[in-house]
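So the chains spell out like this:
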Amino acid sequence: MGRSRFITWAWVLVFLVILLFVVCAVALCTGSAGIAIKDIPGIIFHGRGSTDYNILFKIRMPRILLGIATGGALSLAGAILQGLFRNPLVEPYTLGISGGASLGVCLNILFKWHLIMGIIAYPLSGFLGALTVITLVYLISIKTGMVKTDTMLLTGVMISFVCSSLVMLLMAVSKSDELQTIVFWIMGSLDETNLTLIRICCIGSVAGLIISLFFCLDLNALSLGEEEAMNLGINIELSKKVLFVTASILTGLSVSVGGIIMFAGLIVPHFMRMTVGSDHRILLLGSFLAGASFLTLCDVIARTIISPLELPVGVITGIIGGVVFIYVLTRKRAIS
Amino acid sequence: MNDQAPILTADHLYCGYGKTPVLKNISFEAQNGEIISIIGPNGSGKTTLLKTLCGVLKPRQGNIFIKGEEIGKLSRSRISRTVARVSQTIDMPPMTVSAYVLMGRLPYFKRYQFFERKADVDKVKETLGLLGIGHLAEKSMDAISGGQQQLAAIARALVQEPDLLLLDEPTSHLDITHQAVILNQIRRLNRKFNLSVIMVLHDLNLASEYAHRLILLNGKAGEVFCTGSPEHVITKEYIETVYKTPVLVDQHPRSGKPFILLDG
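Protein chains in written order, with the numbering used here: chain S, 14 to 349; chain W, 66 to 329.
It is worth saying that the hints were derived from the structure and are not from the lab.
The model shown is predicted, which means the values in this text are computed figures rather than measured ones.
Simulated DEER-style distance windows between Cβ atoms: (1) W:G83 with S:L251: 21 to 27 Å; (2) W:N90 with S:F284: 51 to 57 Å; (3) S:V39 with W:T154: 46 to 52 Å.
Just so it is clear, CB atoms sit at the ideal spot from N, CA and C, and this is done for glycine as well.
Using the sequences and the hints, build the whole thing.
This is the structure we're talking about:
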């Protein structure tokens with residue numbers, strides 16, 4: 014106990030940071046305009062104004078930042094929710110929170126709130142949608158006295174269906190230009206040109222990370238159950254509220270900017286749990302960093318695999334995540 | 066908190082989950098250094114009472130005072146530094162015994178504190194040694210036996226450095242060896258550190274043997290039937306009335322405490 018564990022954690026963090034840098038470098042030099050990695054320093058320092066410089070800083074850089082922010086946010090939200098619900102299959106998508114956020118954003122597009130409130134209407138509506146669903150799922154699943162994980166997952170999936178049906182309803186009654194916006198946005202892509210939105214997303218996810226880190230010990234205590242956490246002196250009502258709202262902000266932000274990106278919040282925390290254990294002091298930060306690398310990498314794959322065409326990044330995470338989900342499910346059965 | 070005041074005072078408690086309270090009008094005082102056992106038939110609300118006493122469950126009416134201070138006015142961590150509870154079923158997380166026991170130090174952590182101090186680690190080591198499970202420190206919680214898990218749970222409660230320990234059936238599902246190990250440990254801690262203990266016990270003979278005072282709950286009515294020394298409470302008349310089963314009451318040959326046998 015003690016020192017050796019902290020040293021392991023420090024190495025894990027160092028490794029994840031290096032990994033993130035490598036992935037970012039790869040992402041910087043992949044694309045239809047091939048820029049070799051050895052030319053990049055020259056372009057950064059001397060190439061101001063050149064085409065390559067513009068490609069790096071106006072197209073690829075914002076995209077990488079967005080990948081880091083949304084990937085980190087979704088994985089962190091997944092790790093927080095898995096801790097709160099004490100279930101490794103929970104994540105923003107399986108709980109229907111992403112669905113709620115997407116419904117919120119669709120309403121925003123349809124009713125043109127962003128014309129009144131400005132660009133902030135996107136993340137705000139996403140957050141409100143996410144928060145509504147998370148509250149609903151929680152209330153339904155604790156109604157029987159304790160959190161029944163099966164009920165909760167089913168509830169989440171059902172709410173997800175209801176939300177996507179409502180989104181389809183909205184699409185059916187919307188005009189063609191709005192329809193196009195919605196379809197384009199739902200497909201899930203990190204191709205976002207609005208700098209303000211990217212900034213909000215980056216700041217929001219880092220803020221979410223900092224807030225949740227203050228509650229990592231509460232999450233550790235909650236892994237023993239709510240009553241036990243109370244016995245250990247945790248103010249669980251406060252912790253749960255803060256963590257649910259944080260998870261909603263993180264999900265709302267990433268959904269409102271990147272569309273529905275499936276399973277990113279499931280795979281990453283799961284692998285982190287397998288490698289570093291379930292102590293949230295390392296799990297939260299580790300999931301954030303690993304999620305950032307994961308989504309950035311998925312985005313590279315999405316935009317190169319059938320180049321010059323681009324796949325929505327949600328397709329890549331959906332395929333990988335679906336397989337992992339089934340794997341986790343079967344493994345869990347085998348244990349219990 | 067006032068150290069002269071009784072460690073815990075229950076004042077006309079009504080507690081329960083749904084609309085109708087499980088327990089009615091419960092009043093008693095636990096003195097410092099006293100071992101109290103709560104006994105009563107299944108479903109008489111023993112666990113509910115224990116949960117209410119440590120503030121996990123809010124009483125529907127009445128009040129609880131810890132060292133003379135109203136429980137509702139104390140913060141969760143303040144309560145946990147004075148009262149520790151070991152629940153009946155322990156959800157075994159996949160963590161080592163030492164990491165599990167270390168969680169008991171959480172009430173002493175500050176909001177901005179993320180890592181345990183050396184004093185916390187020392188306290189864990191000391192407590193594991195005290196309970197004789199020091200060699201299990203690095204074992205996983207789900208890889209040790211039921212009795213050892215119970216001891217680890219008690220260790221977690223003890224590192225909270227409580228003045229009052231609440232135990233919910235600490236000997237259920239355990240063989241007689243482990244029953245003796247656990248209850249003798251509790252008696253030792255009580256004598257050595259003047260630790261007050263309130264425990265729920267199913268086994269009336271163990272309750273009679275180890276507790277200074279018994280609180281007998283009346284099943285259906287949800288009230289205290291009677292309270293007092295084992296000699297006063299464990300009588301043929303009282304036990305047959307509450308449990309509705311014929312019994313024989315004798316004396317333990319060595320301790321002289323009442324001893325119960327089923328009669329037919």
